[in-house]
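Participant: With my numbering applied, the sequence shown corresponds to residues 3 to 159, in that order.
Think of the hints as simulated: they come from the structure by calculation, not from any bench. It is possible that part of the hints are untrue.
Pairs of lysine to aspartate or glutamate residues, derived as EDC-like cross-links and limited to a Cα-Cα distance of at most 16 Å, are as follows [claimed, not checked]:
no.	residue 1	residue 2
1	K155	D35
2	K73	D60
3	K88	D152
4	K102	E77
5	K70	D35
6	K88	E71
7	K115	E71
Note that the structure is predicted; figures quoted are calculated from it, not measured.
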Amino acid sequence: MNRMYRLVSLLFVALVAISSAGFARQGGTFVDDYKISPKTDFVPGTDFQQSWNITYGDSNRPVQVLFKETKSGQEYIVRTSYFEVKYVNSDRGFGVRPLKLAEQRVPADLNFKVLNAQQLNNQKMISGSMVSSDQVLEMIAGFLPELINDEYKNILN
């Protein structure tokens, strides 16, 4: 009887540990699958020539990507209501750059809270050469979650 009691207790503890670990993982992980689609209501203009939405997981809050061609290369402004950042693709490489004051739409203090300064620095030079246009959006979608501070990752999901 004592042996049976220990076995049942051990199984109970194992079951609680497994379900607790699963629950903790479920609440804190980031869904890294994403979908890139052209923005349907976008009208090209002098500022931006193209726009896409990147949707992570089953989110109903897509990230907008605005594209413009400049003299020095291609600029992709990535924006939500909570943060914004610019990826530049040029002969000098592909990486993150700060937005000019005139381009900013999100309050600077909110943007500063959401974006991780260390990761912004790490992504200044993702590639030392220009990235092909078919790969740029995939690279943005893949690298963008790393820029978000952990406590704000739910913005993307």
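Participant: Against this structure, judge whether each hint is valid.
Facilitator: Hints and how they fare:
no. : hint         : result
1   : K155 <-> D35 : 14 Å, holds
2   : K73 <-> D60  : 37 Å, violated
3   : K88 <-> D152 : 20 Å, violated
4   : K102 <-> E77 : 12 Å, holds
5   : K70 <-> D35  : 26 Å, violated
6   : K88 <-> E71  : 13 Å, holds
7   : K115 <-> E71 : 29 Å, violated
When the structure is compared with the earlier hints, violations turn up for hints 2, 3, 5, 7 and for no others.
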